[in-house]
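Listed below are the residues making up each chain.
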Amino acid sequence: MQITLKLYAFLTDYLPADARRSNALALEIPEQSTVASLIAARALPPRLVHLVLLNGQFVPAPQRDAQRLSAGDVLAIWPPIAGG
Amino acid sequence: MAWTRKILRINLTQGSCVSEPLNMAWAAQYLGQRGLASKYLVSEIDPLVDPLSPENKIIYATGPLTGTMASTGGRYSVVTKGPLTGVIACSNSGGFFGAELKFAGWDMIIVEGKSPTPVYLHIENELAELLPADDLWGTTVWATEATLKKRHQDPLLRVSSIGRAGENQVLFAAIVNDLHRAAGRSGVGAVMGSKNLKAIAVRGTRGVGNIADPKAFMAAATAGKKMLAENAVTGQGLPTYGTQVLMNVINEMGALPTRNHRDVEFEGARKISAEAMHEKRASDGRSHLVTNQACFGCTIACGRISRIDETHFSVETRPEYWGANGGLEYEAAWALGSANGVDDLEALQFANLLCNEDGMDPISFGATVGAVMELYDLGILSKEEIGLEVPFGSAAALCKLAEMTARGEGFGKILGQGSKRVCARYGRPELSMTVKGQEFPAYDGRALQGMGLAYATSNRGACHLRGYMVSSEVFGIPVKTDPRETEGKPEMLKAFQDATAVVDSSGLCVFTTFAWTMNDIQPQIQAACEGDWSQDSLLQMGERIWNLERDFNLAAGITGKDDTLPPRLLNEPCKTGGSKGMVAEIGKMLPVYYSARGWTADGVPTAATRARLGL
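Residue numbers (numbering that gives the first Met the number 0), protein chains in the order written: chain P, 0 to 83; chain G, 0 to 614.
Hints in this document: simulated from the structure, not taken from any laboratory.
Note that the Cβ used here is the ideal one computed from N, Cα and C, for glycine as well.
Mixed in with the good hints, there may be bad ones.
[Claimed, not checked] Far from chain P, some chain G residues (derived; all Cβ distances over 12 Å):
hint, residue
1, G14
2, P20
3, E43
4, I44
5, A228
6, K279
7, E383
8, E402
9, L464
10, E529
11, S536
12, G559
13, E571
[Stated by the list, open to error] Chain G is faced by these chain P residues, among others (derived, beta-carbon under 7 Å):
hint, residue
14, A8
15, G71
16, A75
Next up, chain G with everything else stripped away, as it sits in the complex (with noise of 0.2 Å):
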């Protein structure tokens, strides 16, 4: 048994923290992380809370091989309802924080409630305790971090927090550990805000020592990093030049939003990607990437660490920024740059940057940004609305817009309730670029017809982590399928949603997809755990997993409707590109879809359904 068999239960509103057991009936059903996290989740809350209200509560949850030896078993999930969305919200974090709470003797805390004033949760194994945090509200993430580990004297100290933007219930707000790693999408900063929690710090001197085989589960995970060292992706592109070398691919192919996805081809993506970043500057004669880095026990080490350029117009004067730090990746250097059209590098590093130091979701916040510059170029929003003039493809808006958001100023309250809200609030609710209220990520859903239907059914809303569908529309991964074919694409979704909730509720990170399958994943989990962790069991338990979500979010109120996508994507097609024509063919896929995960044509899982799952 890899789980320590322990919860951590806060109450906000009694100030009380409570050990209990960990419920090992329903562990054995969906193992860690996401799934479990999942079903303690929506077995305690009323689907129709509101998000932001002390009735919601927020779960942070370690899979069974966080803090093991297994390559990149080192991530942690945030569940909760998401505020940007209305439904199920899940985000998963790398760094060393999910390592930590493991060390310390916990699978999972359970937050609830709402505290009367500012406080943060300090663990040290056993020892939990609520300490006021008025000093620390109205600081950003990193000052957050600096002050908890000189307070509690203890440079090792791992600190999950929120920044202003979670304060300030920017409905993207993000939870952010580590400095620049982020649990980042549907806004669960907002709900940490919320409850006046500023921050979780933890301190785990205990290890993982609980395997249940342990000289097996040293045999698979050994087994597993070598293929990871060996494969040419997770050995060596990742390593060199992480998720950004996607720029110049997804863009050459016509299937980079942008401009609010008014086009699939940016300008200027070759200025902002990868090959870009590895370049020496003219102004220093510095490469913009300083090195990669790698969260805890991973042995791909994608992370960026990059230097901004000192005399960018974004930092002239602000030397604290000036320092190695995190980014770029590639959704955030899309968002941040070819959704609004802006092709100047070190303005997107100075907003990441800002981002994480505040804690926002780059993709929401940059895609949001590109529909305001939108509304800006029709008319329909004024430089004396907004405060500056915001054309597409302004750097200096860009910048500006970040820190206005991020510390809830002028129209950056508006802007910090995104996409589809502002949209929404301008008479022009069409063209928010959002499914369920969440913006796209990187891929445009006409050229990728899998990726759209993992879209429009993704129970996050828009997300590219649920079903990576370019993995094997562009990469190849495990099979290479055209891009441009509905035919057999519902079946293969169905495939990746199903083995992804597996990862994501297991403590391995996403990326080790690259190079295994699950027959590399199964070995490990099943010398981890006690019990059936057949590939069977597991496959049938990431489809548990997706149809408890479903169900959460049927009855929060959405319906086989929102399975869509916005209009521009269902009726403009791609002006250029491989896929110059196309449109996204969600109506020819939806119906195969639900019939392949057994759902009624309204997509409500069928009785036999839940039945056949246990639910």
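Here chain P stands alone, though its shape is the one from the complex (with noise of 0.2 Å):
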């Protein structure tokens, strides 16, 4: 199945050359995908996954090892970030 990882700020570099312009990259990831198996399929440091958003809704790190991704969901991930 196909979502949309979406990757900022710091974790921009973890995206493929040609990615890093729209910060987003459409994946094929197996069926039974969770949030926290594509982030280490991803090889992301754990330091840098900090704010999590399935279809603009937080996921709690507690919470990342059960959730299931579907067909076209969206991925965002950022590292610890704020500002105002």
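Two chains, two separate frames, one set of hints: put the complex together.
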């Protein structure tokens, strides 16, 4: 199934070069994938995986193992950031 | 005692500059800066005064930590009755002016009356003099600063001034220091302009040597700096990406107000984000962002210094704008961009430069442009009335309106009255995205419920910096809460508002609180200042300040009915995103908030609350 993975700020470097100007990557992933399994598959450093949004909804760290992904999902991830 | 214990009182009507002792009994109750200046203001002016009359006063106040070795200890506040809102205005700025004022030996400047002709205030340590500013009147902030440095032959002179927007009494005119740091909100620049006061130029050589316990202070300040450096947000995220990193975050959440709050997601957000500012442009191979920059004593350095694309239509024949300069910060990028549907980063930077150059609040300016574009879209405003076409998304219109507003030309005079007055003038007051007359910043109150309540209850009208619930609802600082949840938000907001009042009264920057808690701030204040500055007394002081401001606003004519949001946010659900279908649940949260504050059901502090806080 296909989802969209978006990586921002310092995580931009973990995208292929041609995806960095959009911060988005269309990904084909196995059925049964979870938020945590995708993060592991992309080798994202845990210290940079802070704010995780699935279709705009926050996914707390303890729920990432169980949170299944579905076709068409948009998963967006940021390192620790703030501003205002 | 980190105070200098001296106030400079300027009477512009009489042309006098007088030193007087700081009221230390008030300092023990209100600390400094926001709290102490507010105490002076409410004690000295009639709450019903016309903000642009000589009877209003304007106060420039440092905090006890301003100018010290504490990280970010360079802040000052400008406190007055605001012309945009008709309530108390308190705008906070960084840069270097605040510390310089302290080095000159002054805690605060109180300005009253009105000069018959344009003047500027020149301060060199104990010397304070009013000098003619006829040649400066009609010039920009940048020209004023350059002229004064040359005139006084002092490149280290620190200047806080107004541009043509303040002179023209644009109701969201800002006071700008150090070229691009600003006391931006609520129209404090218009008050300065109404008094014929063009600038304050200060040079201080005395430092801040009167710390109560220097050894303890240095230990606390050093520990605080270490914590800021080691924190991922203040040590890495903010220096690298600045506040602009929020553009994609807030958009992905479906909380980015777009096209005058019609939408909550902006299809062009990525193009005006921090990530875009880091990328090399096709036109010249340079990135928009040049470097980051710190204010006085700051070890975070979140400020953005950027270089506009010289081939962009806005500046291709204007080389004076080609150099590295301030911007873009998130709130400005949102207001100039998403709020009116413009996704041209260079156009946003140009409009932002004009706001800095002529002293305008980019939040209120951009948000008012959004309202104008909606009125145009609905056919209520015409090309003939405005003088140009202003469809949503027009970068050309944004740039032109910025020039017209700053210079008071044509329709710019109307736009300069702010969204509330513009929408009322054309018979559609409900289209003004404001609270108490002040335009929203960059978060939708439907998608972030706590932030909606923060807007509704802010003592200076819609504002993100009086109780930054985004910190919890988005970043998880200090704890993550569900942005769609209302339960617990009123109590949390009260805690945020009171703690922020403490920080705003100390001389520190509120951005430290992404890493620091009161456990880290209190030892620095206690070591610097004589007296009891326990956490309990500080937080009670924050609550006292909040209620002092509220009492002033009530006396100025607001009521609990003003603690609300525009009908669009209360009745029109988010169309898309993570909060699709939601409206702002102010009616549910407000009674709980009033109760937590010790206020009546009408939003008035009870006698018991006033007595408890010593009001």
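Against the structure, the hints come out as follows:
1. G14: holds, 41 Å
2. P20: holds, 36 Å
3. E43: holds, 32 Å
4. I44: The claim holds: G:I44 sits with its nearest Cβ about 30 Å from chain P, beyond 12 Å.
5. A228: Given a closest Cβ separation of 14 Å, the condition holds.
6. K279: At about 10 Å from chain P, G:K279 fails to clear the 12 Å cut-off, so the statement is violated.
7. E383: Correct as stated: the minimum Cβ-Cβ distance to chain P is 40 Å, above 12 Å.
8. E402: Non-interface label on G:E402 holds, nearest chain P Cβ at 28 Å vs cutoff 12 Å.
9. L464: violated, 7 Å
10. E529: holds, 32 Å
11. S536: holds, 27 Å
12. G559: Non-interface label on G:G559 holds, nearest chain P Cβ at 27 Å vs cutoff 12 Å.
13. E571: Fine: 18 Å to the nearest Cβ keeps G:E571 off the interface.
14. A8: holds, 5 Å
15. G71: For P:G71, the interface hint is violated, since the closest Cβ of chain G sits about 15 Å away, which is over 7 Å.
16. A75: holds, 5 Å
When the structure is compared with the earlier hints, violations turn up for hints 6, 9 and 15 and for no others.
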